[in-house]
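If you read the sequences in order, they're chains A and B. Numbering of the first sequence is given in my numbering, commencing with residue -10 and proceeding in unit increments. Numbering of the second sequence is given in my numbering, commencing with residue 76 and proceeding in unit increments.
None of these hints come from the bench; they were simulated from the model. All C-beta atoms in this analysis are idealised placements derived from N, C-alpha and C, irrespective of residue type, glycine included. Heads up, some of the hints might be wrong.
Short derived list, chain B residues pointing at chain A, Cβ under 10 Å [unchecked claim]:
{"hint": "1", "residue": "Val79"}
{"hint": "2", "residue": "Pro83"}
{"hint": "3", "residue": "Tyr108"}
{"hint": "4", "residue": "Tyr110"}
{"hint": "5", "residue": "Gln112"}
{"hint": "6", "residue": "Gly115"}
{"hint": "7", "residue": "Asp134"}
{"hint": "8", "residue": "Tyr139"}
{"hint": "9", "residue": "Glu147"}
{"hint": "10", "residue": "Gln178"}
{"hint": "11", "residue": "Leu179"}
{"hint": "12", "residue": "Tyr180"}
{"hint": "13", "residue": "Phe181"}
{"hint": "14", "residue": "Gly184"}
{"hint": "15", "residue": "Thr188"}
According to the in silico footprint, chain B covers these stretches of chain A (three or more CB under 8 Å from chain B) [claimed, not checked]:
{"hint": "16", "stretch": "55 to 67"}
{"hint": "17", "stretch": "93 to 99"}
Below are the PhoX-like pairs computed for lysine-lysine, each with C-alpha atoms no more than 25 Å apart in a straight line [to be verified]:
{"hint": "18", "chain 1": "B", "residue 1": "Lys144", "chain 2": "A", "residue 2": "Lys(-10)"}
{"hint": "19", "chain 1": "B", "residue 1": "Lys78", "chain 2": "A", "residue 2": "Lys31"}
{"hint": "20", "chain 1": "A", "residue 1": "Lys31", "chain 2": "B", "residue 2": "Lys186"}
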Amino acid sequence: KTQVEQSPQSLVVRQGENCVLQCNYSVTPDNHLRWFKQDTGKGLVSLTVLVDQKDKTSNGRYSATLDKDAKHSTLHITATLLDDTATYICVVGDRGSALGRLHFGAGTQLIVIP
Amino acid sequence: DMKVTQMPRYLIKRMGENVLLECGQDMSHETMYWYRQDPGLGLQLIYISYDVDSNSEGDIPKGYRVSRKKREHFSLILDSAKTNQTSVYFCASSLITGGNTGQLYFGEGSKLTVL
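This is chain A alone, in the form it adopts within the complex:
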């Protein structure tokens, strides 16, 4: 059973618009949550890591929230650019050490059009 569900599966926005990507998970324990960006044909690049029970991070036009009580995270992208076209992947770590497992979502495919 998939333990990390991302929605929507795909999303099309116009350049300059804002968008919100969702991640719901059932992983226990949930030590931390990461968001990655994957350009087509490329590897995953880390955007942010969330750790606290209720956490918020900001990295330029990317901001993210985590609510461990709800087992839910959001990734907000403001003023989207064409280069934001990519797949965004939510990953939940069940430990803070290398002994832990990472649980990957299937990703949200974001397409930014002019």
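Go by the hints and put chain B onto chain A.
Chain B only, in chain A's frame:
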């Protein structure tokens, strides 16, 4: 420059042939991983290596083996490849100390097609 390098990037093999995928990192990270990515699925862990000659099976190790003889190099081997091993394979490395989540770096992937 912090980088994970995978070779080859693209590979076509016939069923039954052997496959060697190689991964290198220049960050002296202890922990390295091999994942596979299939359409519509999240990345699945094949093997994890905690250091030289310290490897553990992941969630889908069947049909694969690994070798780590130097800290900076981690190989994935498919003995007698099968068509269902057609996939994109990703190598990753991390440096995690204490309870810190650390950073996770991925290579650009190796696309394997088994005919």
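Here is what the structure says about each hint:
{"no.": "1", "hint": "Val79", "result": "holds (7 Å)"}
{"no.": "2", "hint": "Pro83", "result": "violated (14 Å)"}
{"no.": "3", "hint": "Tyr108", "result": "holds (8 Å)"}
{"no.": "4", "hint": "Tyr110", "result": "holds (8 Å)"}
{"no.": "5", "hint": "Gln112", "result": "holds (8 Å)"}
{"no.": "6", "hint": "Gly115", "result": "holds (6 Å)"}
{"no.": "7", "hint": "Asp134", "result": "holds (8 Å)"}
{"no.": "8", "hint": "Tyr139", "result": "violated (17 Å)"}
{"no.": "9", "hint": "Glu147", "result": "violated (16 Å)"}
{"no.": "10", "hint": "Gln178", "result": "holds (7 Å)"}
{"no.": "11", "hint": "Leu179", "result": "holds (6 Å)"}
{"no.": "12", "hint": "Tyr180", "result": "holds (8 Å)"}
{"no.": "13", "hint": "Phe181", "result": "holds (4 Å)"}
{"no.": "14", "hint": "Gly184", "result": "holds (6 Å)"}
{"no.": "15", "hint": "Thr188", "result": "violated (14 Å)"}
{"no.": "16", "hint": "55 to 67", "result": "violated (count 0)"}
{"no.": "17", "hint": "93 to 99", "result": "holds (count 4)"}
{"no.": "18", "hint": "B:Lys144 x A:Lys(-10)", "result": "violated (35 Å)"}
{"no.": "19", "hint": "B:Lys78 x A:Lys31", "result": "holds (13 Å)"}
{"no.": "20", "hint": "A:Lys31 x B:Lys186", "result": "holds (11 Å)"}
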